[in-house]
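Student: The lines below spell out each chain.
4 protein chains.
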Amino acid sequence: MSSSGSVILADSLRAQGIQYMFGIVGIPIVEVAYSAQAAGIKYIGMRNEQSASYAASIIGYLTNRPGVCLVVPGPGLIHALAGIVNAFVNCWPMVVIAGSFDQDQVGMGGFQEWNQISSVQSSCKFSARIETLESIPYLIEKVVRTSLYGRPGPTYIEIPGNLVNELMPGDNISYPPCCPDPPLTLSDPLDVKNAVKCLMEAKRPLVIIGKGAAYSRAEHELRLLLVRANLPFLPTPMGKGVLPDDHPLCVAAARSRALKEADVILLVGARLNWILHFGKPPRFNENVKIIQVDISPEEMSNNVPAHVMLCGNAKSVIKQLSDALCDIGFKGVDPLGNWWSTLRNKIDYNTKLSQSLASQESVPMNFYCAYKQITDYIPRDAIVVNEGANTMDIGRTVVKTHFPRHRLDAGTFGTMGVGTGFAIAAALYTTSLNKSKKQTPVYCIQGDSAFGFSGMEIETAYRYKLPIVFIIMNNSGIYQGLPREQYDDIMKNEDPFIK
Amino acid sequence: MSSSGSVILADSLRAQGIQYMFGIVGIPIVEVAYSAQAAGIKYIGMRNEQSASYAASIIGYLTNRPGVCLVVPGPGLIHALAGIVNAFVNCWPMVVIAGSFDQDQVGMGGFQEWNQISSVQSSCKFSARIETLESIPYLIEKVVRTSLYGRPGPTYIEIPGNLVNELMPGDNISYPPCCPDPPLTLSDPLDVKNAVKCLMEAKRPLVIIGKGAAYSRAEHELRLLLVRANLPFLPTPMGKGVLPDDHPLCVAAARSRALKEADVILLVGARLNWILHFGKPPRFNENVKIIQVDISPEEMSNNVPAHVMLCGNAKSVIKQLSDALCDIGFKGVDPLGNWWSTLRNKIDYNTKLSQSLASQESVPMNFYCAYKQITDYIPRDAIVVNEGANTMDIGRTVVKTHFPRHRLDAGTFGTMGVGTGFAIAAALYTTSLNKSKKQTPVYCIQGDSAFGFSGMEIETAYRYKLPIVFIIMNNSGIYQGLPREQYDDIMKNEDPFIK
Amino acid sequence: MSSSGSVILADSLRAQGIQYMFGIVGIPIVEVAYSAQAAGIKYIGMRNEQSASYAASIIGYLTNRPGVCLVVPGPGLIHALAGIVNAFVNCWPMVVIAGSFDQDQVGMGGFQEWNQISSVQSSCKFSARIETLESIPYLIEKVVRTSLYGRPGPTYIEIPGNLVNELMPGDNISYPPCCPDPPLTLSDPLDVKNAVKCLMEAKRPLVIIGKGAAYSRAEHELRLLLVRANLPFLPTPMGKGVLPDDHPLCVAAARSRALKEADVILLVGARLNWILHFGKPPRFNENVKIIQVDISPEEMSNNVPAHVMLCGNAKSVIKQLSDALCDIGFKGVDPLGNWWSTLRNKIDYNTKLSQSLASQESVPMNFYCAYKQITDYIPRDAIVVNEGANTMDIGRTVVKTHFPRHRLDAGTFGTMGVGTGFAIAAALYTTSLNKSKKQTPVYCIQGDSAFGFSGMEIETAYRYKLPIVFIIMNNSGIYQGLPREQYDDIMKNEDPFIK
Amino acid sequence: MSSSGSVILADSLRAQGIQYMFGIVGIPIVEVAYSAQAAGIKYIGMRNEQSASYAASIIGYLTNRPGVCLVVPGPGLIHALAGIVNAFVNCWPMVVIAGSFDQDQVGMGGFQEWNQISSVQSSCKFSARIETLESIPYLIEKVVRTSLYGRPGPTYIEIPGNLVNELMPGDNISYPPCCPDPPLTLSDPLDVKNAVKCLMEAKRPLVIIGKGAAYSRAEHELRLLLVRANLPFLPTPMGKGVLPDDHPLCVAAARSRALKEADVILLVGARLNWILHFGKPPRFNENVKIIQVDISPEEMSNNVPAHVMLCGNAKSVIKQLSDALCDIGFKGVDPLGNWWSTLRNKIDYNTKLSQSLASQESVPMNFYCAYKQITDYIPRDAIVVNEGANTMDIGRTVVKTHFPRHRLDAGTFGTMGVGTGFAIAAALYTTSLNKSKKQTPVYCIQGDSAFGFSGMEIETAYRYKLPIVFIIMNNSGIYQGLPREQYDDIMKNEDPFIK
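Protein chains in written order, with the working numbering: chain A, 1 to 499; chain B, 1001 to 1499; chain C, 2001 to 2499; chain D, 3001 to 3499.
Because the hints were derived from the structure by calculation, they are not lab data. Just so you know, even glycine gets a beta-carbon here, dropped at the ideal spot from N, CA and C. One should not assume that every hint holds.
[Stated by the list, open to error] Lysine-lysine pairs mimicking DSBU-like chemistry, simulated, CA-CA at most 30 Å apart:
hint, chain 1, residue 1, chain 2, residue 2
1, C, K2319, A, K197
2, C, K2203, C, K2400
3, B, K1315, D, K3193
[To be verified] If you want the footprint, here are the derived chain C segments under chain A, 3+ residues with CB under 8 Å:
hint, stretch
4, 2144–2153
5, 2169–2179
6, 2305–2317
[Unchecked claim] A few chain A positions that, by computed beta-carbon distances, are all more than 12 Å from chain C:
hint, residue
7, S2
8, S4
9, K42
10, M200
11, R257
12, F330
13, W340
14, P441
15, D448
16, A461
17, E485
18, Y487
19, I490
Taking the hints into account, I'd like the entire structure generated from these sequences.
Tutor: Here is the structure:
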């Protein structure tokens, strides 16, 4: 008996717990998709590798095990860079598998020949070309593991066309065991003690919950900590839902005030980048003390020196913190004190403002009003995908998220075009989760410009009968440019430069 | 008076003869599009930077002056890599302009911060970041010129967000003059003489006309040479139309035979890559002598050592060759000799075969039959865009092209997804050409899978009222994977690897 | 008052605790060196940037705070890639500062213009170009911190020539505080428990001490753990000295036997790469269980799936392990049991063999004999630098190391040419350590080929009056090629190919 | 019979006319050097790959056929980047061959594993990894040809360790024929006509002769043109000697005046980069018309729009120009006219100044005085290698060059450290040229700092008994930094930042 490269590849992926593969097949990787399906991996044929790569990337965020993006050489891989770079910036695990030119055609101008590793290496944690069949199981374990361990991110492997169908004799192929979840790391107890002290001495403490906390599945630990200490919290866009938006400790409706006045911020799995105004004045208090919880040591003190650095898995570290607070008998922030009063007042004010906007009956509808109609219909447990400019900005404030990882949007990279791919992947995920029970629905709310990036993938959603509700906000988000008359005038004129 | 960065940028582009800009705007490059329009550049707002980049790239092929692709930082640029790499591989001029993070936010995690130069440098002939307003006119001249001179290709420039609206005082900005067309280069007369000798001694000569000949606008010179010498010719896919497909010297219908038996091949602006089977047996005669005409010295003798290397612009070099043949009084290949008889017989045989396929009345229609219905309606002067797998392969043989650069397809890189962007750019181009006369029509014939890559851009075509006929071959080109039952069986089974 | 770019740069470095700068100055960075000296940083002018970069890199290993390598643009930076890549592979912190072309000369062919970031980015953890004077303090803090946090490595910053002397008005430049040592991380107590269980059940346990343990300064904790549990240990080449080579638990003299028979290996700060035969049979036991301690999650399970993964600082994690073993009352490996007997016998046998070689009186001397003469004179506390092929291989086995980080050699990358630079940096380091007491001596033992890479730097050592003893093994290590006569015969012959 | 990878590699190199290989051997490429020697290639074992790469690169400049640089994987290749990048910037052909990790160790941390292609690709015209023995002859032909054709530059190939000794059965390995010299290209006769017109109308014409003219071996054609038209000329540093420095038409001694006043400049194989002050005022006349002759179309109009672009081999194009001037009967620039008078006066003035400096008897000697002593002893036909800062700047003006390619210096990249490698390669080259006649001597004149970069290679020169005279200017060129007392004061002070 003997196995072909595509079979070894597929079996290796399966051995590493891979469940989903998104892509578009063609020479030379048709057989890879066949073998993957035969190995029990769900293959989803998309319409553009761009969306396939977005879909694969979000699987890693939702499941903590990478999705695979399978692409043809050359342009297929280049299209998929969209999801690769986006996953890298958002720190999501993903495995990209590309076909490549035959080993005997190096440098000859073969079909779709391209130095693919050079294109992916600055956005992949590991990238390699398969050079022998024997090394496939090893390399697949490595790309899966590397995408997951440490700060997650994409990894890349390519298979030369000739190896896809080449046979390895014998049936004693050895597959490494499925790589386990990443090892947990904890912070130094001394640092935890310092953090506790800092929190207890704070007059206006605030917790910021990022999508790192969501990825880390720290929801239980965070709830315990926050409730115990009566701490107000703000979620980042994709940190929404780790604790429900309608939780009494959520101060999202007083975001600007909370950021500006907080004297101690416990930052959990969030970066002080543009989304958080770099952690700097005037949006942040100049003297704020940051207690930073992050899986990545390199993230520590970026832009603002952390007062306490708690490096480790958010889940474990928050538990350390929670236990320590408990041990020391911290009573929590006074619910009737100045800080909570300030925040509550601001929340009330802003909520009324928002409600007033939502009740305006302008034609066309304003965003708040339009969202009002929609949100009444969205079930609590829906996964909401949201992208666009205004559509996303306002959606973030008015569409509530009630469960962790139930909001997917343009993310750290501000990427337009992710929505349809995300919705497809999310619907597949929830479908497989809930075979016997009620389906978690997926709502995809996009601006009309954002929708245009990958609107064709609605066909994919339909082809796979995926339960997704697409809602498009027709807000004329497509650039209109100069007014018609002004532009026509210009174009009528003699060219000022060219004869 | 003073000018902003965006105005200087737009005026610089206009000064270099740029007419078209494709893109999607957003922070920080909205003003760049405004200024471009104000300067008289046609800005076309697309739905995905992927298609915008394909559209911009084909403008360069059609007009010998680069189109501009304008994109937002980060994901916008990454999406546009599709067209950048494709243009690089096809050797088409294009200028890519991207926004980028502010100069005071280096390394801080700014909005869509990315090392964009690192992403483009292996596929751009020149790439740079604008660091001062003063250098904009210089750099724009450089990116336009570099994209055109030598073997054409894409170039890249990025503008930090803060410079877009920064003002440069004074009104004495100096713009370099519009860079002229590239200097012509000719071959050494001694090499031309050798080529003539070789052609005259050939028993079974053949001319292969590539898209380099089309780009070089060598149609007149080639026609003269071929008719004078009664030489049979084969076009490459995008070389079709340099001479009309129905020209009596065209032996495309006997392609395999012609390639296999030719003892001397005059290769004009075509590479011996996968499209031409690397120039090697069994598809080529083992002892074939190649007379290679190419603009790029580095292309010379790739894969097969050239018998004579004629380096230079195809247009000029073919004229040299034609003149030399004339001088020497070459009578041309005997129209009644063995070589032409062989070719004619094969052409007749293949034509009948093709006609027979086209007349079959199977349900669903076969490709030949479907194309038969279509081609009758396509005007002689149409620009035909054609992509897909079978749709393109068969379309290439049955859709005739009658004018140079009137066939646009997946090209050297075999890229799926280029069609809609190409059609939009081509329609814009033909519209502007023919303001007062009958419009050259554009036909876009795609397989159903190929259509899926950028189908949303039909909205763009409609928005700009572009005269394009889209024809989709519904040939179930979307990967179906394993048969339903087999796949269901697999998915029901216990996972063999994971508990 | 105002400060120039070079002064801000130098003060920023000093504020981050930088003590040493190695380099070669020239346009435009002469003033940077001046300012650094004025700020109290020790600047050492080397003879080739290659050695300067090696010297700077080893400072980071010796002190846990990066040395700086200062270079001119273009060729200066390219020469320094040697130390950059070597530091990256060895995981040592280092900061590289290069001059670069003026901001108004982008793309113009300025003096030594080069896309330097593109050259360093695959071997630097962070790289950036300074674009404004204001961002210098921020960026310097970032390059220092990033080089230290997580798995250490080099970082890169470049300053355009025009900014070196540009003035920033005002005297209120704000410098971030000195970034503290990296946050400690600990392993999950559950994993520690599993590791303890595994160690206690082992029949033939072994500890491998790598240079990661040395970098982490885990010597005290390791000594405690090993002595408590009576565990045999093997150092990797640069792990030598964490515990002294003459420690009774050291089984280096039975290395092959220990590796091959160990059933449980506690791997501390060492990678299962070529130096450790990839952790695979036949050099390792096929069923060996690895307990892996590493700062880098991505290193976990590389090549061999770890039985227990203990991710964190070696120092903290070994303490966790030691405490847990203590708590559980582990008595330690039986000193009279089979395992220790096997190891002791092998050690005795190999030691005698080595002594016998050392006593041979051949002419020329064999390596063992030569080393015998040398080692008698090397003080216990010397830092020994050792490179070459045989010179290093045998030196590793016969030159004892008695203190942590006191052996410096070709390292993970097997780099020839590091020796002289390492010796210079080590001598500077020990000199500054011991102002008032007896100097720790530095011995640099090189093969004659290895010496040739940077022999000129002896002038540097002399110029700075550094206490280094250089010992060159004249073992004809320079490639001799074919025997003279055979080669002459060939060269006399007619060229078989060229006329 | 069968051949190993190393034999196929060596025979392929020989078949392509490779004569010289510089490098340092080690695992896995020892056998490659053996095989190369056995194939009749001169292998020179250097002391550092840095110098080996410089030596190999200059062979290409001297002989128009690339030298090979052979290096071990990892650090060997990184050291050689020095010569690779330098060759790329100077446009010299060179072939770099590196060993690499075994094909079954991809990603495992093998000996000196490194993504070498990623390190070279931005400075090599082509780079590839050998994946099968069969493709070696093809790939070697490609790297040699690509390094030579078009604008020359370095190319790269790597061989996995396992292929070095792997055997290919059979004795019918097919080697492509030796790639011929690059095809000549000529300029468009119309452009030539325009150039002639422009030259004839010029009031103050000037010819600048660059190292491109030297590489192109255009000496004969240039002499003819210049003498016919009585045109004054300036050489660039390495353009010196194309026509002798003491030629009556040479106006190097009036360089500044000539550049500033010329109204038409014929620029032959030189770039308007930093060496030529970017062709801009105040160093150049604002209205100067450039007639640009260059092999590279992309070089045309860089920094200053060319009035006429003559793209092609300098040798052919200058002949076209010369013939056209002759045809038209141009009498040449009036030797008694204003232009020549101005230049002659300036030359006389500057020559006296220089002589006066040379006759000063200061202690220590000034440069002019020192050079005076030296130059009297240097034979007319010597190849002079010259590097350093002042040593090179002044050497350029006072050491005369009398033959083309007889001056080698820091070049376009301003690289320190090239001298010794260049001298070694030049001496080998002249030795092999002149087996039976008097040896062309090589003089290597370096500043003391420049000498330090590669001083160890004097051993190499000695080992190969190469006839080189090394002259070191002891001008205290090594950076001295702050005065001793000032520096000591600083170091005594309390650290202002660190406690």
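Student: For each hint, tell me whether it holds in the structure or not.
Tutor: Hints versus structure:
no. : hint              : in the structure
1   : K2319/C - K197/A  : holds (25 Å)
2   : K2203/C - K2400/C : holds (29 Å)
3   : K1315/B - K3193/D : holds (19 Å)
4   : 2144–2153         : holds (count 4)
5   : 2169–2179         : holds (count 3)
6   : 2305–2317         : holds (count 6)
7   : S2                : holds (24 Å)
8   : S4                : holds (25 Å)
9   : K42               : holds (26 Å)
10  : M200              : holds (20 Å)
11  : R257              : holds (26 Å)
12  : F330              : holds (23 Å)
13  : W340              : holds (31 Å)
14  : P441              : holds (36 Å)
15  : D448              : holds (36 Å)
16  : A461              : holds (35 Å)
17  : E485              : holds (39 Å)
18  : Y487              : holds (32 Å)
19  : I490              : holds (30 Å)
Hint compliance for this structure: no hint is broken.
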